[in-house]
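Colleague: The lines below spell out each chain.
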Amino acid sequence: MKVTLKIKRFNPEVDKKPHWESYTVDVEPTDRVLDALHEVKWSIDGTLALRRSCAHGICGSDAMRINGRNMLACKALVKDVAKDGVITVEPILGLPVVKDLIVDMAPFFAHYRAIMPYLVNNDPPPERERLQSPEDRARYDDTTKCILCACCTTSCPSFWARGEYVGPAAIVQAHRFIFDSRDQAAEERLRILSEPDGVWRCRTVFNCTEACPRGIQVTKAIGEVKEALRTGVIR
Amino acid sequence: MLRPLVISFREGIAYRAKGNLLWLLHRISGLGIVVFLGFHIFGMSMAAFNPALHERALELYKTPPFAVGELILAFLLIFHAVNGTRIAILELRPQLWEKHEVATRLSLIITAALALPTLGIMAYKSISHFLGH
Amino acid sequence: MTTTTLTQGRTVRTIQPLQGKARFERAMWLFMRYSGLALVFLALSHFWVQHLLIGTHAITTAQTVVFWGAQGQPITLGNVLFRLYYAVMLVLAVGHGINGVRQVAYDYFGHRPAIYKGLMAVVTTIAALISLGGLVALALGAQASSEVAMR
Amino acid sequence: MPQYHQFDAIVVGAGGAGLMAALHASRSVKTAVISKLYPTRSHTGTAQGGISAALGNLEEDHWEWHAYDTIKGGDFLCDQDAVEIMCREAIDAVIELEHMGLPFDRTPDGRIAQRRFGGHTNNITKKPVMRACHAADRTGHMILQTLYQQCIKQNVTFFDEFQVVDVLVENGVCNGVVAVELATGEIHVFHSKATLIATGGFGKMWKVTSNAHSLTGDLPAALLRRGLPLEDMEFFQFHPTGIYKLGILLSEAARGEGAVFINGKGERFMARYMPTLKDLAPRDICSRCIYQEIREGRGVDGKDYVYLDFRPEVINRYFEEDGNPKRVDAHYLEQKLPDIIEFARVYLGVDPITQPVPIQPTAHYAMGGIPTTNDAEVLADETGRIVEGLYAAGEVACVSVHGANRLGTNSLVDLVVFGKRGGVRMAEYAKQASFRPINYDTAAKEGAAQLDRIRNNNGTERPSAIRKELQALMDDKVGVYRTGAGLEEALDHIRDLQARFRRIRIDDKGYKWNTDLMEAWELGNLLDLAEVTAYSALWRQESRGGHYREDYPYRDDTNFLKHSMVWKDGKLEIRSKPVRITRYPPEERKY
Ligand SMILES: Cc1cc2nc3c(=O)[nH]c(=O)nc-3n(C[C@H](O)[C@H](O)[C@H](O)COP(=O)(O)OP(=O)(O)OC[C@H]3O[C@@H](n4cnc5c(N)ncnc54)[C@H](O)[C@@H]3O)c2cc1C
Ligand code: HEM
Ligand code: SF4
Ligand code: F3S
Ligand code: FES
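Protein chains in written order, with our numbering: chain A, 401 to 635; chain B, 783 to 915; chain C, 295 to 445; chain D, 1268 to 1858.
With the rest of the complex left out, here is chain A (with noise of 0.2 Å):
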């Protein structure tokens, strides 16, 4: 089927501000938007830049914003997002865009790593594993899915309003830490969380779970990281 795409382009190079381009494609209707992207680029005009590498929504690479709303391209099928044979696609919004599709992750990637992403446990480690009831592991389950490709932080009005807010995909990430129970600085980031940028100004708004490509339950995983706050038991 022939789609049209309508993208916004921007060279650094050449543009002072972002403007439309259109072309138009002949995919299947089963293709993925990538698909399409890749169309464009590699038989109408080579200079339209984009991330992406796994194809099927594993590595986060190609988050975009088709026909309004924050997606995987690798994970839209031209057939359900082609409206009359139309298919917008935008960059991220709230990061720096520095071409085209690509965005400036830095912002992002500093607020993962501000809640301190990563295992802290003190004890001299046993010989053999560290045993976690399989009830244990469950609680933390859905926030390990998370692929880190912002969908969610950059679909957030907060954010978008306030580019110093840790957002939700460092809240995904540091519930997955505070939730395992092998974890001893569960603490730690929840004080982290509780400052002005944490996660109070998150205003339950559920575009990130809207969002997420990974299905995973963002508002709820910010919600359990503010009922622990609010009532000081991690449970």
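Hints are not guaranteed to be accurate.
30 Å max Cα-Cα, derived DSS-like pairs, lysine-lysine [said to hold, decoys possible]:
| # | chain 1 | residue 1 | chain 2 | residue 2 |
| --- | --- | --- | --- | --- |
| 1 | D | Lys-1394 | A | Lys-402 |
| 2 | D | Lys-1776 | D | Lys-1474 |
| 3 | D | Lys-1776 | A | Lys-416 |
| 4 | D | Lys-1857 | D | Lys-1532 |
| 5 | D | Lys-1420 | A | Lys-545 |
| 6 | B | Lys-881 | D | Lys-1603 |
Covered by chain C, per the in silico footprint, the following chain B stretches (three or more residues, Cβ under 8 Å) [as the list claims (entries may be wrong)]:
| # | segment |
| --- | --- |
| 7 | 784-793 |
| 8 | 810-818 |
| 9 | 851-861 |
| 10 | 865-874 |
| 11 | 894-904 |
In short, the hints are calculated from the structure, not lab data.
C-beta atoms are modelled at their ideal positions from N, C-alpha and C, and glycine is treated no differently.
Here the structure of chain A is known, so what remains is to put chains B, C and D with the ligands in place on it, guided by the hints.
Modeller: Chains B, C and D with the ligands only, in chain A's frame:
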């Protein structure tokens, strides 16, 4: 410097999801009520300090532009109250987080159920007041 | 941090109370939710009584005098309850509103501390003056001016 | 203006192997990691099924069994001392990962959960054994995340989105690498005492592949240009269960949990070919059996695919038939295989819980690569001479622990075991060595020149057209089945494509984020590696593991129990080196 402000308002409308619209409206309604509340408290307190001013305030409320403003205020207050209640309940009751879509729909229905009759009666009262004179 | 292992295989831990800014932010967050819930009843009932039952066009200073009680006149139980209701609503609404404004201002101006702090100082001062005035007015009761009394 | 950096140790690639190496090297020397992707985007993150280690958490197991299975799975081309190291150290490596925080699934008593995987057996009963430690079906994702987290904890320096275009190897020593910063197009020269290459696979030379767009073999090609050899390039694994046409992988974990292959006639055909292991036979065998079925007209609807069936009732029926007491239900499968179930739903519109899934073999894993010692030191030739200061680990390296066919889960083991050994070894070396002088300007100029040649080339060919043609050609002629004549044709065709590549033209002449340029440059690498692959495949006149020659359908231990090594110095040259055998003599491969 105001880029975030611009983005959050422009995209708050453009981004294709419900959450940001509700967020924007909640914010605008909150701010709107705050501004009104300031004038309102000031006006009312004049009942104790300067009755003439108090009287003037009450007279002002009875002019047509204020009648329209009153309708807007009513909607904003009702929306803010219902939406705020939704947020507060969801945040204080973690078990409900997975049902947020239902909660959103419900809150919109309740807002409409409260706002429509309220606005209707108020509009009716205003119109009959202005026409009645 | 203390840890308890539950028999069903779930571990539960408790943490030390928060301190400083973190504690303040949490308190404010909670205040927003609880004051909001309280305001649903206070503000909506006030609004409906004034705008639907009575109607803006019927509100007069004379009525205010009746509800509040006039200065120098004996105070009835009704007056007291009425004034309390308004005082509570005023405090909650102003507190809620100011904190709301603080959130919004921090969102947009937090990265420019001077502007943010200046703005908040102005807003808070105005709000404090107005609400103080409001509270004092409630405490005093309405002034039954000669004009009003004549009606 | 080019920029210069100096680090004791440099790791190129931030997948499982690179991060493990960086973690261990940075404990004692100043280390930097250079990666063309953000580390968490590395392809290790897509690995699904598990990482094997003979923990014996659920049933009896021994690392010696693991070693034997690996060697037999590799059709006896593995260097057995290396395999023994890997299988022994796998146990500690998995425990180390757990200590780092990796959220493995758990047994009811709280230990690491394990599942079955193809080719992993109890050596006494010959039945499948539960050896693959896993975190649902995102084990690789969890390994990648966990290692990256630990690197952050340890403050490892990262150069993210820097693409290495040249390795500074001269006169048998390596002094660093040259990279281009993708965001700016600037050239950076990294001067180091020790350099470890961990850039993963290069499956993008095939069309139907489980590999990422980024897996283009940049570094092996760069080494080839620098006069170093590549080993066993004819061995490339075709995984039996790629999603039809797309190649997206459905992990062997599905079969580990009981899924079966079903042909167009509704038969569980693997029981016919491999009566003991059936659907859990090694990958090379399953892939060939699938094609056998298809060739004999038993593909689904006469087409070129079969089904992978993991509807609970089907699994349970065959469990019963096999006398396995285990039973599964939809909920259990959703818990254990959430991601691959979603892949089928999203990309095929097929719900595996209620429908069988169309699959076809997909180009998956490079057994060959940069030859190394058991300590990840890169070999300069077949005699065992090493390149001083140069190391390689992970999929890009050929130790060789996988021989002619890798067993499922063994790659992740390879990454952590040899990544660690490499990291430790390079740090030891860097601590006692000193920086050798290099000429920064020449290095930078040579790197830039490579790219400028493409940027300014005034030809007519579109790189994408050449890439498409190469991929179709490789699928067709250098796939699961190969023939001498076909390989000759392929080689001619590749050389023709190489000639056309010299006449390309790209659209983007800029510097910032010029992905047009980098893709074209990567295509050059793929072409070189494809040539080497076809050439080695032509040389190996036997069938062994993943390499199947229809004109030589049997294994030939007399002439080919040896590794190939190919140089490209103007023209190709091939030599060989013997396989190291310790305690597992070659035998016929039956399952
Ligand atoms: C779908 C799939 C499922 C798999 N499942 C399993 C499994 O269950 N069990 C198992 O054992 N194995 C599995 N494998 C195999 C295994 O995942 C890979 O072999 C392994 O992850 C490779 O890791 P690596 O560290 O060598 O490289 P990768 O993880 O591929 O990382 C390569 C790194 O090199 C960098 N790089 C590449 N080129 C350059 C350059 N020019 N300059 C700078 N940096 C560069 C990249 O940015 C990246 O960081 C699977 C593979 C696939 C594709
Ligand atoms: C009627 C019942 C009310 C309820 C249930 C309610 C509830 C809430 C809640 C839960 C919030 C927090 C939302 C967030 O943090 O994003 C909030 C924010 C706010 N409220 Fe209210 N509120 C009510 C009335 C009022 C009144 C009377 C005012 C005016 C004085 C007001 C002004 C604000 C403001 C300015 C904000 C900040 C908005 C923002 O951060 O975007 N609210 N309200
Ligand atoms: S939580 Fe979801 S949307 Fe957010 S970064 Fe992780 S995977 Fe992406
Ligand atoms: S969209 Fe933002 S406000 Fe909270 S619920 Fe999600 S983080
Ligand atoms: S390309 Fe990896 S997530 Fe889309």
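Colleague: With a cut-off of 8 Å between beta carbons, are at least three residues of the segment 865-874 of chain B near chain C?
Modeller: Since three or more residues must qualify, the claim that chain C covers the segment 865-874 of chain B holds, with 6 doing so at under 8 Å.
Colleague: Is the hinted pair Lys-881 of chain B and Lys-1603 of chain D satisfied, with a Cα-Cα distance of at most 30 Å?
Modeller: holds, 25 Å
Colleague: Mind taking a look at whether chain C covers the segment 894-904 of chain B? Criterion is 3 or more residues with CB to CB distance under 8 Å.
Modeller: With 3 residues closer than 8 Å to chain C, the segment 894-904 of chain B meets the three-residue bar; holds.
Colleague: Decide if the proposed pair is consistent with the structure: Lys-1776 of chain D and Lys-1474 of chain D, CA atoms, cutoff 30 Å inclusive.
Modeller: holds, 28 Å
Colleague: Test coverage of the segment 784-793 of chain B by chain C using CB-CB distances below 8 Å; three residues minimum.
Modeller: holds (count 4)
Colleague: Could you grab the alpha-carbon distance between Lys-1776 of chain D and Lys-416 of chain A and see if it respects the 30 Å cut-off?
Modeller: holds, 18 Å
Colleague: So is the segment 810-818 of chain B in contact with chain C by the C-beta rule, three or more residues under 8 Å, or is the coverage claim wrong?
Modeller: holds (count 4)
Colleague: Using C-beta distances, would you say chain C covers the segment 851-861 of chain B, given that this needs three or more residues below 8 Å?
Modeller: holds (count 4)
Colleague: Regarding the pair Lys-1394 of chain D and Lys-402 of chain A, is the alpha-carbon distance no greater than 30 Å?
Modeller: violated, 52 Å
Colleague: Would the pair Lys-1420 of chain D and Lys-545 of chain A pass a check requiring their Cα atoms to be no farther apart than 30 Å?
Modeller: Holds - the C-alpha atoms of Lys-545 of chain A and Lys-1420 of chain D are around 20 Å apart, at most 30 Å.
Colleague: Would you mind confirming whether the straight-line C-alpha gap from Lys-1857 of chain D to Lys-1532 of chain D stays at or under 30 Å?
Modeller: Within the cut-off at roughly 25 Å; holds.
When held up to the earlier numbered hints, the structure conflicts with hint 1 and nothing else.
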